[in-house]
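Residue numbers (my numbering), protein chains in the order written: chain A, 1 to 81; chain B, 82 to 333.
Hints are supplied without guarantee of correctness; some may be wrong.
Claimed, not checked - From the structure, some residues in chain A lie toward chain B, with a derived Cβ separation under 10 Å:
1. L37
2. I40
3. I43
4. V44
5. D48
6. L55
7. D58
8. I62
9. E73
10. N80
None of these hints come from the bench; they were simulated from the model. Cβ coordinates follow ideal geometry from the N, Cα and C atoms, glycine included.
Now for the letters of each chain:
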Amino acid sequence: MASPVEAAITEIASKILRKEVDLTTVNNFKELGADSLDIIQIIVRVEDRFDIELLEEDLQNIKGVKDFVAYVERRIAEKNN
Amino acid sequence: MSFAGRTALITGGSRGIGKAITLKLASEGADVIINFLRRRSVAEATAEEVRAKGVKAHLIKANVGEPEEIDRMFDEVRDKFGKLDIFINNAASGVAKAALELDTRGWDWTMDINARAFLLCTQRAVKVMPRGGRIVAISSLGAKLAWPAYSAVGVSKAALEALTRYLAVECAPLGITVNAVAPGAVESEALKLYASQETLSRPDWKQTPAGRMITPEDIADLVLFLCSEHASMIVGQVIVIDGGVSLAPINL
Numbered sequence: 001m002a003s004p005v006e007a008a009i010t011e012i013a014s015k016i017l018r019k020e021v022d023l024t025t026v027n028n029f030k031e032l033g034a035d036s037l038d039i040i041q042i043i044v045r046v047e048d049r050f051d052i053e054l055l056e057e058d059l060q061n062i063k064g065v066k067d068f069v070a071y072v073e074r075r076i077a078e079k080n081n
Numbered sequence: 082m083s084f085a086g087r088t089a090l091i092t093g094g095s096r097g098i099g100k101a102i103t104l105k106l107a108s109e110g111a112d113v114i115i116n117f118l119r120r121r122s123v124a125e126a127t128a129e130e131v132r133a134k135g136v137k138a139h140l141i142k143a144n145v146g147e148p149e150e151i152d153r154m155f156d157e158v159r160d161k162f163g164k165l166d167i168f169i170n171n172a173a174s175g176v177a178k179a180a181l182e183l184d185t186r187g188w189d190w191t192m193d194i195n196a197r198a199f200l201l202c203t204q205r206a207v208k209v210m211p212r213g214g215r216i217v218a219i220s221s222l223g224a225k226l227a228w229p230a231y232s233a234v235g236v237s238k239a240a241l242e243a244l245t246r247y248l249a250v251e252c253a254p255l256g257i258t259v260n261a262v263a264p265g266a267v268e269s270e271a272l273k274l275y276a277s278q279e280t281l282s283r284p285d286w287k288q289t290p291a292g293r294m295i296t297p298e299d300i301a302d303l304v305l306f307l308c309s310e311h312a313s314m315i316v317g318q319v320i321v322i323d324g325g326v327s328l329a330p331i332n333l
């Protein structure tokens with residue numbers, strides 16, 4: 001069962017990549033055919049959706065989709081605290 | 082050269098060259114509206130620097146690559162300020178690819194943000210400049226040269242420069258001047274995306290005939306002049322500011 005954040009990221013990625021994607025089946029966005037332009041657009045939309053900032057210095061260390069979802073959830077929690 | 086009572090909108094005004102322009106206009110007394118795309122905390126910090134100068138700062142988050150967001154931004158400008166005196170088209174983006182590797186998405190992304198946004202923003206800006214105004218776009222020496230990996234941005238800046246001329250002729254009778262500035266390389270985060278490591282590692286790459294690399298503040302000084310009363314007869318020009326490096330291009 002996808003978390004609300006994972007579901008939202010899935011919806012955003014599907015819109016950007018113009019196809020239905022399932023984030024649970026891949027390790028990273030590149031496996032879905034995403035290039036660097038897609039990834040920056042996904043990041044900008046995720047920031048807008050949750051009104052958070054994803055920091056370049058943190059994003060450089062993200063290892064894959066699971067890591068990215070966890071990072072977004074952490075930033076949302078930090079904003080709410 | 083007082084800008085007291087004037088209102089300026091600077092796209093991409095929270096960081097880099099845009100921030101220098103924002104602070105310069107604020108130092109001269111202008112209230113500023115800072116458009117930004119992503120980092121609200123960075124934009125807030127710039128806004129605080131502006132307010133410390135005793136003028137107003139207002140933030141608008143918007144992606145100028147999206148026409149609806151440009152409309153929303155100018156609706157907010159109109160509703161909150163009623164008018165605009167200065168519009169600085171500074172926000173820019175682009176994919177770093179050779180022309181032969183450029184795909185349609187990279188082309189569209191770059192052209193939408195760097196060239197189309199200038200057109201759409203100016204169309205909206207003139208509607209809130211009933212008593213005239215100043216519009217300045219930030220171009221690049223790359224509009225006329227061919228740097229590695231700069232194809233998309235260079236072409237978009239060439240479009241921006243041509244638009245500057247067309248818009249200038251249409252806006253001049255309205256008391257609005259439209260000009261552009263074309264800086265040489267400025268040390269910034271953006272530069273790291275396009276300049277090669279090999280170039281950046283050369284000890285002489287920052288040299289210009291004028292003895293040093295230009296800074297964001299140099300560009301802000303030129304923009305300030307173009308926004309002043311002293312520049313009312315400069316119409317549709319692209320002013321190069323590069324320390325002379327384009328005339329003696331040893332390090333380009």
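Evaluated hints:
Proximity of A:L37 to chain B holds as hinted, the smallest CB-CB distance being about 6 Å (cut-off 10 Å). For A:I40, the interface hint holds, since its Cβ comes within 10 Å of a Cβ in chain B; the closest pair sits about 9 Å apart. For A:I43, the interface hint holds, the least distance from its beta-carbon to any beta-carbon of chain B being 8 Å, beneath 10 Å. At its closest, the beta carbon of A:V44 sits 6 Å from a beta carbon of chain B; the interface hint therefore holds under the 10 Å criterion.
The interface hint given for A:D48 is met, as the beta carbon of that residue sits about 8 Å from the closest beta carbon of chain B, less than 10 Å. A distance limit of 10 Å between C-beta atoms decides the matter here; for A:L55 the minimum to chain B is near 8 Å, and the interface restraint holds. Hint status for A:D58: violated, given a least beta-carbon distance of 13 Å to chain B, over 10 Å. For A:I62, the interface hint is violated, since its Cβ never comes within 10 Å of a Cβ in chain B; the closest pair sits about 16 Å apart.
Taking 10 Å as the C-beta cut-off, the interface hint given for A:E73 is violated, the closest approach to chain B being about 19 Å. Below 10 Å, beta-carbon pairs count as interface contacts, and A:N80 has none with chain B, the closest being about 16 Å; its hint is therefore violated.
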